[in-house]
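Asker: Listed below, chain by chain, are the residues.
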Amino acid sequence: MYKILEKRVLSSDIKWFNIYAPQVAKKAKAGQFVVLRIHEKGERIPLTIADYDREKGTILIVFQEIGKTTKLLGTLEEGDEILDFVGPLGIPFKLEENVENVVLIGGGVGIPAIYPKAKELYKEGKKRIISIVGARNKDLLIMREEMETSSHELLIATDDGSEGTKGFVTTVLQNLIDEGRDLDVVIAVGPTIMMKMVAKTTRPYNIPTLVSLNPIMVDGTGMCGSCRVTVGGQVKFACVDGPIFDGHEVDFDELMRRNKMYVDKERVSLELWEKEVQR
Amino acid sequence: MKKIPRQHMPEQDPKERIHNFEEVALGFTAELAQLEAERCLNCPRPFCVEGCPVNIKIPNFIQLIKAGKFKEAVMKIKEDNFLPAICGRVCPQESQCEAKCVVGIKGEPVAIGRLERFVADWEYEHGVEVPELPPPNGHRVAIVGSGPAGISCSVDLAKMGYEVTIFEALHEPGGVLTYGIPPFRLPRKVLKNELEFVQKLGVKIVTDAVVGYLYTIDDLFKEGYEAVFIAVGAGTPRFMGIEGENLIGVYSASEFLTRINLMHAHEFPEYDTPIQLGKRVIVVGGGNVAMDAARTALRIGAGEVVVVYRRSRKEMPARLEEIGHAEEEGVKFEFLVNPVRFIGDENGWLRGVELIKMELGEPDESGRRRPVPIEGSNFIMDIDNAIIAIGQASQPIVAQTTPGLELNKRGYVIADEETGQTTREGVFAGGDIVTGAATVISAMGAGRKAAKAIHEYITKKN
Ligand SMILES: Cc1cc2nc3c(=O)[nH]c(=O)nc-3n(C[C@H](O)[C@H](O)[C@H](O)COP(=O)(O)OP(=O)(O)OC[C@H]3O[C@@H](n4cnc5c(N)ncnc54)[C@H](O)[C@@H]3O)c2cc1C
Ligand SMILES: Cc1cc2nc3c(=O)[nH]c(=O)nc-3n(C[C@H](O)[C@H](O)[C@H](O)COP(=O)(O)OP(=O)(O)OC[C@H]3O[C@@H](n4cnc5c(N)ncnc54)[C@H](O)[C@@H]3O)c2cc1C
Ligand code: SF4
Ligand code: SF4
Ligand code: FES
Chain W
354 MYKILEKRVL SSDIKWFNIY APQVAKKAKA GQFVVLRIHE KGERIPLTIA DYDREKGTIL
414 IVFQEIGKTT KLLGTLEEGD EILDFVGPLG IPFKLEENVE NVVLIGGGVG IPAIYPKAKE
474 LYKEGKKRII SIVGARNKDL LIMREEMETS SHELLIATDD GSEGTKGFVT TVLQNLIDEG
534 RDLDVVIAVG PTIMMKMVAK TTRPYNIPTL VSLNPIMVDG TGMCGSCRVT VGGQVKFACV
594 DGPIFDGHEV DFDELMRRNK MYVDKERVSL ELWEKEVQR
Chain S
63 MKKIPRQHMP EQDPKERIHN FEEVALGFTA ELAQLEAERC LNCPRPFCVE GCPVNIKIPN
123 FIQLIKAGKF KEAVMKIKED NFLPAICGRV CPQESQCEAK CVVGIKGEPV AIGRLERFVA
183 DWEYEHGVEV PELPPPNGHR VAIVGSGPAG ISCSVDLAKM GYEVTIFEAL HEPGGVLTYG
243 IPPFRLPRKV LKNELEFVQK LGVKIVTDAV VGYLYTIDDL FKEGYEAVFI AVGAGTPRFM
303 GIEGENLIGV YSASEFLTRI NLMHAHEFPE YDTPIQLGKR VIVVGGGNVA MDAARTALRI
363 GAGEVVVVYR RSRKEMPARL EEIGHAEEEG VKFEFLVNPV RFIGDENGWL RGVELIKMEL
423 GEPDESGRRR PVPIEGSNFI MDIDNAIIAI GQASQPIVAQ TTPGLELNKR GYVIADEETG
483 QTTREGVFAG GDIVTGAATV ISAMGAGRKA AKAIHEYITK KN
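Just so you know, the sequences run in chain order W and S. Numbering of the first sequence is given in this note's numbering, commencing with residue 354 and proceeding in unit increments. Numbering of the second sequence is given in this note's numbering, commencing with residue 63 and proceeding in unit increments.
Okay, chain W solo, but in the shape it has when bound:
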């Protein structure tokens, strides 16, 4: 069992948990994820390792409540325990040595996913870390302070213009490109559609672009093939071959279609749970 040591509510539907998992914390690296299961009848769901503290033995997860499992997870409180917490999984994030000017793009719960990468790169002393974070509005911007202290520049995009540039993260990215800024690599994590648009933006300029994919997973250890994605025309298992891939090679449309596979069932599951909670 894995205890929730700290809980924060970042916005109405985004929660922040620090979980005691000392062995996972010892090994975790930026770019990796965990698979958790809340209770005996629960589903196994993957969540990105948003931060780790080797001394305290904790792993940070930040998640958006979208369906039954994440909503149920959101009801847990400090002191509660999670039944299974498997990780760290996936290949850690790694950049070429000579890369100095890095753009990190996070949308929604992609922000906590880029945070450990920003932190690591900042510590390594990269020349310039530019972070672009996006959200629908000001209130949904999360982990702003953390991002600020681990980037040289933090740029914000909101759909309604309530903070930073009005528009999408790609609007901000395009501005940087147009300004002729040095951009060695772009790393984008967020909704699939956002990653697709980022890859589309950088492609004409040949700026290397890394994305972290979020297909439906079961085991997370390469055993089932549920997480298969097409990258460069080849089938890859995101849990063991990824989750980070070359954004210019990914078939995003296929991923978006596959992620809708269980929508009907997910709705049933959620409605049933909501009824139960109301009772």
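Keep in mind the hints are simulated off the structure, nothing from the lab. Treat the hints with care, as some may be off.
Lysine-lysine pairs mimicking BS3-like chemistry, simulated, CA-CA at most 25 Å apart [as the list claims (entries may be wrong)]:
| id | chain 1 | residue 1 | chain 2 | residue 2 |
| --- | --- | --- | --- | --- |
| 1 | S | K284 | W | K379 |
| 2 | W | K589 | S | K471 |
| 3 | W | K379 | S | K266 |
| 4 | W | K549 | W | K519 |
| 5 | S | K284 | W | K382 |
| 6 | S | K284 | W | K380 |
| 7 | W | K589 | W | K447 |
| 8 | S | K266 | W | K380 |
| 9 | W | K394 | S | K251 |
| 10 | W | K394 | S | K266 |
| 11 | S | K77 | W | K394 |
| 12 | S | K284 | W | K409 |
| 13 | W | K519 | W | K447 |
| 14 | W | K618 | S | K341 |
| 15 | W | K613 | S | K341 |
| 16 | S | K341 | S | K168 |
| 17 | W | K589 | W | K394 |
| 18 | S | K266 | W | K356 |
None of these values were measured; they are calculated from a predicted model.
Based on the hints, put chain S with the ligands in the right spot on chain W.
Answerer: Here is chain S with the ligands on its own, set in the frame of chain W:
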């Protein structure tokens, strides 16, 4: 003497059983078992023993059954096989022990597997004795993977006084026995009994532990384990590499069976994990895995299940009993056909499959005749799901994170057949990760050989 026919084991009616996950074969009664035991000739040179990968003393245990000494019979089996309740159910007996039985030359062989299962079940009903353990010898061994190879290795080592820890990646132990083989062939109760027995011997099972990521093999040595046994199986599913394989509705057999057996997707929404199943399902392949997937699909409500296999019935690698059971339950078979592409709709859902007819040509390396496509024979079938059961590949995580551990060309760990010794000192390996997908009993045999070798290694070193 009147000739006794091979005793039939009572089974659940096919019409009933396709609506449940209860065990199909119900087992012998004591009377049936003793009657069957009479058929054994107690051969002075028992060929059956040669057919068993772990050389169980078959005539000896059968004579004990004949004499009604069931307890002694099961102890005799357990000298060589710890998991008789499992092997008696899932061993491909017709190509192993029973294939060599002399009674089988003229008639039907002695039902060795059923007898083995009978005494094993009898023992559980009457209470399994936990053997007295020697005092701890102060040495620790780590085992990676809790399938039959890992379990059997742990039992032997525990009995020698070792402190043994099994690390398992999933949330439940058992390997393929848990997530692959369905409960209607191997009831979960049987598995639970065996796993409880293992823990009673003092073996520690740590679940949620993916070795390679959470601990590397080198970490395990640093933590004080003196030897490591790698038994991670061959769990990676293979796909065909044809068009449309990523359409919604195409499953690997591993995913399909894992969603059901491990995650209980058939009990959705009580359990949270869903499965997406339509009316017409094809299963591609001809082995045990294909039979399990097909029979499972029927049980969870597929209207029609068709197994498509690229060779003919004769070449099917599945156990005869499983093929028979599948047919009785209404699984259909299409032989000598192979999918060439899957067809989807605009939203990416599987709608059909294009197949090509095959004919058998010259024998290949395996001795089976090679299937060759017949040009122009393509045809289309409307389907809602396809389950791909064409085999598994090696599990790569441990090898990728263990320097010095060498693999063969096919990606399996190179290990000595007799000892399981790998190219790394103190590291042993066995089961499917060495041989490629094989059988429960061969994995178990490999685990036992490795236990012996690990004991010799640690004794010599100290
Ligand atoms: C490597 C990886 C890292 C992720 N990191 C984060 C993160 O840090 N924060 C976060 O909020 N979300 C993250 N996700 C997405 C998260 O796993 C899903 O939101 C979650 O599984 C939804 O479960 P649910 O029961 O609440 O919703 P459901 O109602 O079951 O599903 C809603 C949608 O989530 C997706 N989904 C459903 N089941 C799974 C599953 N087993 N695995 C993956 N996706 C699924 C599907 O697209 C589905 O339509 C990550 C996904 C992956 C693959
Ligand atoms: C559907 C199906 C039906 C079958 N039917 C039969 C049958 O009827 N008769 C028969 O004899 N054989 C059958 N087999 C084959 C048989 O089950 C296998 O040969 C046998 O289980 C192999 O045992 P193993 O111990 O080598 O590996 P497995 O049983 O595969 O166990 C390996 C274990 O290691 C774990 N693991 C993997 N990687 C790691 C890691 N990095 N860290 C920690 N743990 C890890 C896995 O999660 C798994 O639990 C069947 C196989 C399948 C898939
Ligand atoms: S273990 Fe398998 S092969 Fe050996 S005797 Fe028993 S059923 Fe036959
Ligand atoms: S070969 Fe057949 S008859 Fe002979 S000992 Fe073995 S089981 Fe009995
Ligand atoms: S989640 Fe099962 S193979 Fe990736």
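Asker: Hint by hint, note whether the structure agrees.
Answerer: Going through the hints against the structure:
For the suggested pair S:K284 and W:K379, the alpha carbons sit about 14 Å apart, so the restraint of at most 25 Å is met. Distance restraint check for W:K589 and S:K471: the Cα-Cα separation of roughly 20 Å lies within the 25 Å cut-off, and the hinted pair is therefore satisfied. Our distance criterion of 25 Å between C-alpha atoms is met by W:K379 and S:K266, whose separation comes to about 22 Å. Restraint check for W:K549 and W:K519: satisfied, since their Cα atoms lie roughly 20 Å apart, inside the 25 Å limit.
Using a Cα cut-off of 25 Å, the hinted pair S:K284 and W:K382 holds, with the two alpha carbons roughly 21 Å apart. Using a Cα cut-off of 25 Å, the hinted pair S:K284 and W:K380 holds, with the two alpha carbons roughly 15 Å apart. Taking the CA atoms of W:K589 and W:K447, the gap is near 18 Å; set against the 25 Å cutoff, the hint holds. Annotation: proposed proximity of S:K266 to W:K380 holds, straight-line Cα distance about 22 Å (limit 25 Å).
A hinted pair counts as satisfied when its Cα atoms are at most 25 Å apart, and W:K394 with S:K251 qualifies at roughly 18 Å. At roughly 24 Å between alpha-carbon atoms, W:K394 and S:K266 fall within 25 Å of each other, so this suggested pair holds. A C-alpha spacing of about 29 Å is found between S:K77 and W:K394, which places the hinted pair above 25 Å, so the restraint is violated. Only pairs whose Cα atoms come within 25 Å are accepted, and S:K284 paired with W:K409 is accepted, the gap being roughly 22 Å.
With a CA separation close to 32 Å, the supplied pair W:K519 and W:K447 exceeds the 25 Å bound. Under the criterion of a C-alpha separation no larger than 25 Å, the hint pairing W:K618 with S:K341 is consistent with the structure, at around 17 Å. Note on W:K613 and S:K341: the hinted pairing holds, with a Cα-Cα distance of about 20 Å set against a maximum of 25 Å. Between S:K341 and S:K168, the direct Cα distance comes to roughly 45 Å. Violation of the 25 Å bound is thereby established for this hinted pair.
At roughly 29 Å between alpha-carbon atoms, W:K589 and W:K394 are farther apart than 25 Å, so this suggested pair is violated. Pair hint S:K266 plus W:K356 holds up; C-alpha atoms about 22 Å apart against a cutoff of 25 Å.
Checked against the numbered hints given earlier, this structure breaks hints 11, 13, 16 and 17; the rest are met.
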